[in-house]
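Number of protein chains: 2
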Amino acid sequence: MQCLNVDLADRSYPIYIGAGLMAQAELFARHIGGRQVCIVTDDTVAPLYLESLQQVLSDYKVTSVILPTGEAYKTWATLQQIFDALLAARHDRRTTLIALGGGVIGDMTGFAAASYQRGVDFIQVPTTLLSQVDSSVGGKTGINHPAGKNMIGAFYQPKAVLIDTDSLNTLPEREVSAGLAEIIKYGLIRDEAFLGWLEQNMAGLRQLDAGLVTQAILRSCAIKAEVVAEDEREGGVRAILNLGHTFGHAIEAHQGYGSWLHGEAVGAGMVMALDLSARLGWISAQGRARGEAVIAAAGLPTLAPVGMRASDFERLMAVDKKVLDGQLRLVLLRQIGAAEVTADYDVEALRACLQESEQ
Amino acid sequence: MQCLNVDLADRSYPIYIGAGLMAQAELFARHIGGRQVCIVTDDTVAPLYLESLQQVLSDYKVTSVILPTGEAYKTWATLQQIFDALLAARHDRRTTLIALGGGVIGDMTGFAAASYQRGVDFIQVPTTLLSQVDSSVGGKTGINHPAGKNMIGAFYQPKAVLIDTDSLNTLPEREVSAGLAEIIKYGLIRDEAFLGWLEQNMAGLRQLDAGLVTQAILRSCAIKAEVVAEDEREGGVRAILNLGHTFGHAIEAHQGYGSWLHGEAVGAGMVMALDLSARLGWISAQGRARGEAVIAAAGLPTLAPVGMRASDFERLMAVDKKVLDGQLRLVLLRQIGAAEVTADYDVEALRACLQESEQ
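These protein sequence lines are chains A and B, in that order.
Under our numbering, residues 4 to 362 are what the first sequence spells out, in order.
Under our numbering, residues 4 to 362 are what the second sequence spells out, in order.
The following block holds chain A by itself, in its conformation from the complex (with noise of 0.2 Å):
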């Protein structure tokens, strides 16, 4: 087992990470305060964990809360489903939630933590590579809005993250290349030395070896913390670890949220933000090209989806509106592993970027 430690002063907590980690009661009772306990999951990850897990804390008052899967569930009406499950079975303010899931379910729970009685403890146990590498570190919770993604929430930290890399057995394979994107993310913005070990073990990566997963995972979970801690509320270096993400999310609000997968739009959207730093002088084409590459062995896509062009990216973008306010602020490559947050680029050399992506 990896322990990986998160400085946020008296908001601190540890990163577990290793194989069988969710059948360790000795972890949970280190981080649970009271007698009561309430798991939040959802009905893809309820029938292979929920039961076990139950067993493993069988000493506590335990309630669970089963969610119906997806982004789509995001809402208010979903929270409101735990709340009402905490008040029925009288949770105090002692009580530890446990969200048991991807990144949805560690939002919504994370959020519900942070609101019910005004604030109670929760645990991560993330069950998908992106969320273990994503969402478990940072502390961002919440829900959506009709008009907007992420729009109610809170910052409110976990008190321990418990990543048990077994959970990846289930995980599809499209869904372990939507992880490596963001691992692959964490290389490109901060450390070349990182990006070039992901290159060397990519396939044994996608074979989910286990020491080297826990490696990558690892690593990954460091770099966000290392941004995290240098700014927790997102006032400044902390954008770049939205790295492709501005095109990514044109991609998914282009396609439907759900039909492309969030790491498969980070994916593509980050060989844009490699061509413009490319075309801007930035880094080489040999640096351009590496990337792409390493994008690409992790099975992602690398081009806009078929029938997305150049025009759509704009629109979605609010290219012209932006760019000429100097609003769109992107994330582009200094080098490889070097990140800095830009207004300042030319709108013709976003344009052939993005012309540059369609098929």
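Incorrect hints may have been included.
Which copy is meant is left open, so a pair is good if it fits within one copy or across any two.
Cut-off 25 Å, straight-line C-alpha distance, at most; resulting in silico cross-link-like pairs (DMTMM-like, lysine to aspartate or glutamate) [claimed, not checked]: (1) 64 - 315; (2) 162 - 234; (3) 152 - 29; (4) 324 - 87; (5) 325 - 87; (6) 64 - 235; (7) 152 - 87; (8) 162 - 233; (9) 152 - 95; (10) 162 - 13; (11) 325 - 95; (12) 64 - 328; (13) 152 - 212.
Think of the hints as simulated: they come from the structure by calculation, not from any bench.
These figures come from a predicted structure and were not determined experimentally.
Based on the hints, put chain B in the right spot on chain A.
For chain B alone, coordinates are given in the frame of chain A:
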């Protein structure tokens, strides 16, 4: 103008108290970071102050939201109206919310500020005496759930509190008395000299003499701020602020919320706490009589509602179960000016106290 600093490290904020503060644009400007402002108020307060406040803030892009008045509307559905208005007018993370109204508006606006885009600034402008001395200090925000009051919320501090004593001139007499209940509470739990000052000046306070009211608000907020600074998240001593509230909540539940004002229920509840404290020999019969007299002088009830029996209190407070479990912790007085939270009292003394309050 008087100014009091609530000392909570990086969440510290000032409370300004005085006549005409709502007209001082410069006071608001000190605490507004961006260019956008959203005034949240209700349909009772809006006709009195909204237009003039909009004019005072005319340097900013001002949105306003007018909610229905009353505790019955302290719900997610009403909160959603605030989020809808913020998103429709494209308020970003640099916006500032202004809570213009009583405790319900303050609680909901504070929670909206805590949750909108994971946290934006807010300023409290409490317009009732009760909210000026109670909910404007302490950072408790939230909404009700069908299964319980204030079950969903956050601890979230405002950037500033502006208490304009002129706003009391439009307040019904009953609501002035309700506010005085909480003011008397501060004397009883923490400051015998302040209680003496209240006894001497009660007539002038009820007539809303500006100098006296400012002094009473200032001392009340200072006492609450002291207690909250010792225990921001209500782990211990902060509970003494609930003197009379356990009895009072039973009265409110029995009568239906809104029929007795919260402050009225607390007034009668504090007499019951005084009575029980005397029965236990903690305070003298003279101390009990002194407390009851000042509560009566404020125009507050000193007995339970007509028709409410001791057995009603026992049922609503779950006396048998909770006393036996040691869970019914009450705030009692060791002496006038010194409160203590305890479950160490005789259930027969409690029963006698409940019967004493019957009419």
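When no copy is specified for residue 325 and residue 95, does a C-alpha distance of 25 Å or less occur within a copy, between copies, both, or neither?
Between. Shortest inter-copy distance 15 Å satisfies the 25 Å Cα cut-off; intra-copy 47 Å does not.
Could you figure out if residue 152 and residue 212 sit no more than 25 Å apart (CA to CA) within one copy, between two copies, both or neither?
Neither way: residue 152 and residue 212 sit 34 Å apart in one copy and 50 Å across, limit 25 Å.
Can you tell me if residue 152 and residue 29 fall within 25 Å by alpha carbon in one copy, between copies, both or neither?
So residue 152 and residue 29 fail the 25 Å test inside a copy (36 Å) and across (35 Å) alike.
With identical chains treated as interchangeable, where does the CA-CA distance between residue 152 and residue 87 reach 25 Å or less: within a copy, between copies, both, or neither?
Answer is both; intra-copy 24 Å and inter-copy 13 Å each pass.
One pair to classify: residue 162 and residue 13, alpha carbons no more than 25 Å apart. Within, between, both, or neither?
both (11 Å within a copy, 22 Å between copies)
Under a CA distance limit of 25 Å, which applies to residue 324 and residue 87: within one copy, between copies, both, or neither?
Between copies only: 24 Å across, 44 Å inside.
Can you tell me if residue 162 and residue 234 fall within 25 Å by alpha carbon in one copy, between copies, both or neither?
both (19 Å within a copy, 21 Å between copies)
Indicate which option fits the pair residue 64, residue 328 if close means a Cα-Cα distance not exceeding 25 Å: within, between, both or neither.
between (55 Å within a copy, 18 Å between copies)
From the Cα coordinates, with 25 Å as the cut-off, is the pair residue 152 and residue 95 best called within, between, both, or neither?
between (30 Å within a copy, 13 Å between copies)
Between copies, within a copy, both or neither: which fits residue 64 and residue 235 at Cα up to 25 Å?
neither (34 Å within a copy, 28 Å between copies)
With identical chains, the pair residue 325 and residue 87 could be close in the same copy or across copies; at 25 Å between alpha carbons, which is it: within, between, both, or neither?
between (42 Å within a copy, 23 Å between copies)
Within, between, both or neither: residue 162, residue 233 at alpha-carbon 25 Å:
Both. Shortest intra-copy (20 Å) and inter-copy (23 Å) distances satisfy the 25 Å Cα cut-off.
Going down the numbered hints, you'll see the structure goes against 1, 3, 6 and 13, while the others check out.
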